[in-house]
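Enquirer: If you want the building blocks of each chain, they are given just below.
2 protein chains.
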Amino acid sequence: MRRVTRWAKWMAIAVALSGAAFSQAKQDVDLIVSGGIVVTMDGARAILRDGSVAVKGDAIVSVGPRAEVEARYKGAQTIDARGRLVLPGFINGHTHVPMTLFRGLHDDVTLNDWLYKYIFPAEAKNVNEEFVRWGTRLAAAEQIRSGVTTFADMYYFEDAVAEETKAAGMRGVLGETFIDFPAPDNKTNAEMLSYTEKFLKRWQGDALIHAAPAPHSIYTCSKKTIQDAAALARKYHAPLLMHVSEMKKEWEDSEKANGMSPVQYLEKIGVLGPDLVAAHCIFVDEADRKLLAERQVGCVHNPSSNMMIASGVSPVPEMRAAGVAVGLGTDGPAGSNNDLDLMEEIDLAAKLAKITKMDPLALNAKAVVEMATIDGARALHMEKEIGSLEAGKKADLILISLDAPNAVPMYDIYAQIAYSLKGSDVETVMIGGRVVMRERKLLTIDEPAVLEKAREYGKSVKASLGME
Amino acid sequence: MRRVTRWAKWMAIAVALSGAAFSQAKQDVDLIVSGGIVVTMDGARAILRDGSVAVKGDAIVSVGPRAEVEARYKGAQTIDARGRLVLPGFINGHTHVPMTLFRGLHDDVTLNDWLYKYIFPAEAKNVNEEFVRWGTRLAAAEQIRSGVTTFADMYYFEDAVAEETKAAGMRGVLGETFIDFPAPDNKTNAEMLSYTEKFLKRWQGDALIHAAPAPHSIYTCSKKTIQDAAALARKYHAPLLMHVSEMKKEWEDSEKANGMSPVQYLEKIGVLGPDLVAAHCIFVDEADRKLLAERQVGCVHNPSSNMMIASGVSPVPEMRAAGVAVGLGTDGPAGSNNDLDLMEEIDLAAKLAKITKMDPLALNAKAVVEMATIDGARALHMEKEIGSLEAGKKADLILISLDAPNAVPMYDIYAQIAYSLKGSDVETVMIGGRVVMRERKLLTIDEPAVLEKAREYGKSVKASLGME
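Sequences listed follow chains A and B, in order. Position 359, counted from 1, in the first sequence is what our numbering calls 359; the numbers after and before it change by one each time, with no gaps. Position 149, counted from 1, in the second sequence is what our numbering calls 149; the numbers after and before it change by one each time, with no gaps.
In isolation and in its complexed conformation, chain A is listed as follows (with noise of 0.2 Å):
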């Protein structure tokens, strides 16, 4: 017996000893988010019930239980995440930013009426280089309040859209319009070329704005801009943002033109890849969603849009079975929806595809959270960088508050998030490491300089239009 109490003293002192210089080895990182019910969306859709994650510089280090990794781990700032979800960061595959000045500026209208009556006059009108500044300063300030990280952009003057980007933090896809009219920016095919090489070229290596081309639609753009600006985006190893069979229209009319349809089309002239982000894809038969999964290409679903529009419904139930990654998107805050709330769309992607199958199976809470997060990566070729929670990802992260009737009581996670919380509970953001709101207040933008100049526009607009 005495030799066995002296060993298990030995032992205790070894114990304490090599506790105490684990403690001195832990590593220092900025800052652990500590104690949350963690949804990671990683492979295995680990859901941790009291996890932590570490953040250095701008990368996720650890995910894991909290003991774990706080045993590990040193930060030198804690956010406290106890009765918090923690999700990666909302990503909005496809919008306009600019146009959130423009938001509600003729709705209930037919499309045609409402790009040629209204927003192209008022394009002319009233955007420039400083309107779209503040159109996205605006803009982000609304995705930041709805835990929106990373968006995809395509408007007129990006590189502007590009720095207010940077200036508020957020991870931007900003895609330069290519279209076959004078576009606000760009008057000929050989500026908007140009614009976006040097565009292209100024952001290459940015932590947070990749740079791409993007042709308007196939609608809208000859066959050698559409591959002009294609070969520009594979020169670069950029992305191309595409409109892809949105409209009944369009898919007619290259039904009659080109004997196929848009995605075959685009197919024929060499332009789907892995770097193709297609907006809508609502006119997409089983062949075209065959080579959609085939050339990897990433397609937008944009329920409040094509609902509101009127536009279709794309069938996105089929084209996950497919295997092509289908993300979530806003569309344009002016005309088709008219906000850039993601959670929004996650509920509505699912009772969209509930309804439209008379299926309630149709699509589940847990594949329209994936759609917003992990989906929406893999819809921007960006899956490695961020979409989930794992150690080597981007810090992309955001809090949401169960602190609220509409959170009480849980029973399914998705579910909650899916159906039952809003974007105004979204608590807390960052983004590459870096805290863009911290308990509802936003830390990189000027928020009420932003609301009354967006004041000021509305007035502006009205009068070029003559309105009252």
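Be a bit skeptical, because a hint or two may be false.
Copies of the same chain look alike in the list, so a pair counts if it works inside one copy or between any two.
As the list claims (entries may be wrong) - Below, a list of computed lysine-lysine pairs in the DSSO-like style, where the Cα atoms sit at most 30 Å apart:
#, residue 1, residue 2
1, LYS74, LYS235
2, LYS268, LYS56
3, LYS223, LYS74
4, LYS235, LYS201
5, LYS290, LYS224
6, LYS249, LYS366
7, LYS235, LYS366
8, LYS26, LYS249
9, LYS366, LYS459
10, LYS462, LYS366
11, LYS224, LYS187
12, LYS366, LYS125
13, LYS26, LYS198
14, LYS201, LYS290
15, LYS441, LYS117
16, LYS290, LYS453
17, LYS223, LYS459
18, LYS117, LYS366
19, LYS366, LYS453
20, LYS248, LYS357
21, LYS441, LYS223
22, LYS357, LYS117
23, LYS223, LYS462
24, LYS74, LYS366
25, LYS56, LYS224
26, LYS357, LYS256
27, LYS357, LYS249
The hints are simulated quantities; they were obtained by calculation from the structure and are not laboratory data. Predicted model, so just to flag it, every value in this text is computed and none were measured.
Place chain B on chain A using the hints.
Expert: Same frame as chain A, but now just chain B:
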């Protein structure tokens, strides 16, 4: 000239004196909501850009331009509405409030599985009067937070729902359920009748509570059960709440068993009338719609629920065209929504109609705001009491902040309400002259206690069903 000058002088003195007299004669009121953008929803759909609402007791005494109202009335209190929208409170025309405590308990399953595998067992094991009280408190908190001032409910222990609704200061049309199997409260039809008669008697003449019998549906109630409930409603001049033509099977079974649609069957058995509030009305053909309009039945559209359960799409534009009063509802917060945010239903009603009809003009922003206010009041047969801001109506009103990124700029007020503003933008809520939420703080509900209790119920419900 001299006489004219003298005359003018006398007149000026007379005007000054009468002005002073007038100012001294200002009528005392309890409260003035001052200087907001007042969206009255009155017959002319007047919008006052700088308007005020004077309130005395539980009623509105005046609505008009600020200068006029404030020249005539002196408020003991003032609510500053500058820079905010002032609207009639939203009307949630169909829900099951105690089911908040089952929020998110098994979604994404068929209605049949949901009912028989999950909800009926969960109700049998958990629903009692205490459960219903806490569920009602939670639902009141959630509804007030998103601007709902009146709701129509169908559940069990409805007398307890009434007590809690009144305690929260909300207005309710509260239906005790009749169903042909033993319910959590009443085990036989005789007990249902006796309970409900007592319930109706107790609340007669109450300022906030309208008690009602609620035969569940034609597929769960015999002809006699429905007729008994209707007779009781008519005896006490109470409304009658019922699910009508929600499911395809309900319609098919009625055609088979009765040789006619559910609506025609209800006409035949003497139930259609100006006291009936019919939830859903999805499978209603032209003849049905004509009959609903002629009999002045109120209908309630529940877009989230219809999408989530995949029941079908109510022909709302056709119902409105036929002259039917169509309101909006969230339906229950378990399995079919899962929240009680009526602003989402406003947005969704428009978008669902557009995509269903493949017509962006199918249902516009103004129409859906009507459905949430004045038409919601008509659907509940309460249009003389609520639904618009007019002298003589109950002082049920909400202030919506415009101080958020999603709120600016504002080109069209109805579009902003329908498509951009959120439940979380609702700042202050008044019901019957009583402020129940001020600047997002609930004044009639102990919110932390309610959230805590809801979490406890979450645990006990899970345990009762053998869930982890």
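Enquirer: State for each hint whether it applies.
Expert: For each hint, the structure was consulted:
no.: 1; hint: LYS74 with LYS235; result: neither (43 Å within a copy, 72 Å between copies)
no.: 2; hint: LYS268 with LYS56; result: neither (45 Å within a copy, 72 Å between copies)
no.: 3; hint: LYS223 with LYS74; result: neither (56 Å within a copy, 70 Å between copies)
no.: 4; hint: LYS235 with LYS201; result: within (10 Å within a copy, 80 Å between copies)
no.: 5; hint: LYS290 with LYS224; result: within (26 Å within a copy, 57 Å between copies)
no.: 6; hint: LYS249 with LYS366; result: between (33 Å within a copy, 29 Å between copies)
no.: 7; hint: LYS235 with LYS366; result: neither (37 Å within a copy, 50 Å between copies)
no.: 8; hint: LYS26 with LYS249; result: neither (62 Å within a copy, 64 Å between copies)
no.: 9; hint: LYS366 with LYS459; result: between (43 Å within a copy, 22 Å between copies)
no.: 10; hint: LYS462 with LYS366; result: between (43 Å within a copy, 20 Å between copies)
no.: 11; hint: LYS224 with LYS187; result: within (16 Å within a copy, 75 Å between copies)
no.: 12; hint: LYS366 with LYS125; result: between (44 Å within a copy, 28 Å between copies)
no.: 13; hint: LYS26 with LYS198; result: neither (45 Å within a copy, 69 Å between copies)
no.: 14; hint: LYS201 with LYS290; result: neither (34 Å within a copy, 65 Å between copies)
no.: 15; hint: LYS441 with LYS117; result: neither (39 Å within a copy, 44 Å between copies)
no.: 16; hint: LYS290 with LYS453; result: neither (47 Å within a copy, 50 Å between copies)
no.: 17; hint: LYS223 with LYS459; result: neither (40 Å within a copy, 60 Å between copies)
no.: 18; hint: LYS117 with LYS366; result: between (41 Å within a copy, 21 Å between copies)
no.: 19; hint: LYS366 with LYS453; result: between (39 Å within a copy, 27 Å between copies)
no.: 20; hint: LYS248 with LYS357; result: both (19 Å within a copy, 14 Å between copies)
no.: 21; hint: LYS441 with LYS223; result: neither (47 Å within a copy, 58 Å between copies)
no.: 22; hint: LYS357 with LYS117; result: between (35 Å within a copy, 23 Å between copies)
no.: 23; hint: LYS223 with LYS462; result: neither (37 Å within a copy, 59 Å between copies)
no.: 24; hint: LYS74 with LYS366; result: neither (33 Å within a copy, 56 Å between copies)
no.: 25; hint: LYS56 with LYS224; result: neither (45 Å within a copy, 70 Å between copies)
no.: 26; hint: LYS357 with LYS256; result: both (29 Å within a copy, 25 Å between copies)
no.: 27; hint: LYS357 with LYS249; result: both (23 Å within a copy, 17 Å between copies)
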